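Engineer: Each chain, written out:
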Amino acid sequence: MTPVHAAAQDPVAVIEGLRVEIGGRLVLDGVGLSLRPGRITALTGGSGSGKTTVGLALLGEYPDGSRVTGTVRVPQGLIGYVPQHPAAVLNPARRIGALLRDIARGRVRHLPRSRRRAAARERVLDALDRVRLPADGRLLRRFPHQLSGGQQQRVALAQVLLLGARVVVADEPTTGQDPLTKRGVVDLLADVARQGIAVLLLSHDTGVVRALADEVVVLRDGRVRDAGPAAASGRAPLGGAGRGDAVLDVRSLVARHGRTPVLDRVSLTVGAGECLAVAGRSGSGKTTLARCLSGLHPRHAGEVRLVGQPLPPGLRDRSRSQVAGVQHVFQDAKAAFDEYRPVADQVARTAVRLRGAAPAVARREALALLSALGLPAEKAARLPAHLSGGELQRAALARAALARPRVLVCDEITSGLDPVARDAVLGLLGGLLRSGRVEALVLITHDLGTAALADRIAVMEDGRVVESGAAGRVLGAPEHAFTRELVVAEETFGVPGD
Amino acid sequence: MSATGHRVARRLLLGGAQTAAVVLLVFAATEALPGDAAVALAGDQPDPARIEAVRAAMHLDRPPLERLLVWTAGLLHGDLGVSLTSGRPVAAALADGFGPTLLLAVPTVLLLVPAGIGLGVLAARREGGAVDRVVSAVLLSLYAVPEFALGALLVTVFALRLGWFPPTAVGYGTELASHPAALVLPVLALLARPVCSLARLVRAGMLDSLASPYVAQARRCGLSRTRVRYAHALPNALAPAAQQLARTVDWLLCGVVVVEALFVVPGLGTVLMNAVAERDLPTVQGLAVVFGLVTVLLNLGADLVTHRLAPRTEVAA
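Listed in order, the protein sequences are those of chains A and B.
Heads up: the first sequence at position 127 corresponds to 127 in this note's numbering, and the numbers run straight through without jumps.
When you read off a place in the second sequence, starting at 1, and then add 1000, the result is the number in this note's numbering.
Bound conformation, chain A alone (with noise of 0.2 Å):
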């Protein structure tokens, strides 16, 4: 590759005036930016500014009954996108090598036949090996939930690679990713851009911004600022009360998916109200771990005991109060809720089937515990497609809390929520265990920021708890060696709100 002087280039896309209107409501108003090739122009600004809008513009893809004017300047040929959610681009009834394999031979269609099929297989592990995910052919016959989140974000930018496009549109690669996935993700969009490839990064990790960037334009109401958006912050510990006597425990905790397996001996302890955080990249096993306490998983062998009793693996052997002793909150809080009925209702439902409350007191309870999280009646009577992700997860918060639980299981319930909303989010929880109405809180994160705020940490790789302790020690001098890169890694990148 020959050094080119990439600011002496001309631009490859150019926007420029870019008005989009949707029923009347202006979403993006004169937004102009140029792309170079081999350089990385950030688009930041909060959740609402327009970056997507501006990003999938490069696509030619506009919002359903949008009126657009101004100009978008693309070159011939495709544009990559890399997703927000890699899940929801990949295919769920398709392998991954399906999609895989039928750009690799959009690719190869200038070689003679016979040679095509193992010229776009070639490709197909190479453009794997590139996004540092095992190129043995194994992965290709994997169905996309069988992958953690951050190799499905490693699958989607191997399809812009062997797309060979000149543009690539990545949108918020980074949210919701551990520290170590974060830095992979920077490093293969560096190394993107350092192939000749003009890369737009929509992000609002100022973090990442200030690592990969080359020109920042910040959006905000769908106009260009200079200035950038001030994190908020301001978090407070959560727990801090003294060890009590040990709620859940844990014992050579044992679990595999298929042949796989996922989690090593696990042993651990979590005192009256305590809180602890299980960190580690994704794919250590932590969602596995907190399936099991939980009951989703209920193929594993080891003990977990419930204050000394003994808990059945799965959630059907399990009797109504030990239900209600362990309660779950899933990372998608969209998905956790029906969405044809209202959230209030589905969260008395709770008090009503665990508890055996009476619906009309069931109800009583639900709206004043929602409105103590910020969630008034008039809001909480809506259906859930009216709410924001935050506002759902404290709707999931104060229903896992209403069947009183000894331990409330927190299933990275921040990763997907902007700094406000999480913040916000882990507020309220540590007010759940001050208060008494969660006994002990299992906090999974990849997010050392947040796992900061817990009592003590257990860091895990590999299925193996590798380190456990105060978090102060933990995260001040790490002993084990993963637990000092993943410390590095956060630093280098920042916790959103630092």
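These are calculated hints, taken from the structure and not from any lab test.
No experiment lies behind these values; they were computed from the predicted model shown.
Hints are supplied without guarantee of correctness; some may be wrong.
[What the hints assert, rightly or not] Chain A side only, calculated, beta carbon under 8 Å to chain B, not exhaustive:
(1) Tyr62
(2) Tyr81
(3) Gln84
(4) Val89
(5) Pro92
(6) Ala93
(7) Arg94
(8) Leu99
(9) Asp102
(10) Gly106
(11) Val108
(12) His145
Heads up, the beta-carbon is just placed ideally off N, CA and C, and yes, glycines get one too.
Assemble the complex: chain A is given as a structure, and chain B must be docked to it using the hints.
Structural biologist: Same frame as chain A, but now just chain B:
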């Protein structure tokens, strides 16, 4: 891999349990009928002495549990008992009826799958477009016509007016296979409604998956429209269609009484009708067991296909 194997094994076990339940239910239902086979056989002039004799000859005086065990043991060897009216083994009578039933069912399914999927995909190409509206309107009106009415209409127009096809299969007997012209009208009558329901399900599934982010991504990757439609959108639209297809095949194999009667095809539906009319209990029992097994097997197959088409369901189960 082994998670899938585990799931398949569990589903097979369930299938076995369902089969046992079918056998027990059929026996219990027969027991619950007023009187018994001997009374039924005696007909309109019941003579107590004769009923007692028949009862003894058929071992109906034995306790129910013993008869259940004997009957079940017979079933395991493929012995469904002996018909009360003809004296022939029930298994042989069913085998005779199964041929014509298959002759109707196989061509129907072979036409149904491409026609149903093809029409569904065609209608979903552009939602609300001219093609969609025409196809959907025709499918809906066709679905509203019951098969006996459609059959009568087909006979009137194509057999009696135009004389293109024989109106019924009368006279072909066991030679039905060598007279394919006689099968055309009954197959069309059988095909009409299943094509409509299958096509409507495929259309709905295709509209969903054509609007999905993963199809948008496949388009962005420069794949041809055909490739996107058939290789990336269609697999997601087929899971509900597989379940519907299993129900249709079940219906085709388990007695399409009306169509068989209309076209005088001596299939299982006819065997069932005659057995009920003649109060031939062992034959009715045998048919019930066979129909139950077919249903269990078809649903088993459909579940396995659905599992491949919607692999995420294993997480929920």
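Engineer: Are there hints from earlier that the structure breaks, and if so, what are their numbers?
Structural biologist: Violated hints: 1, 3, 11; rest satisfied.
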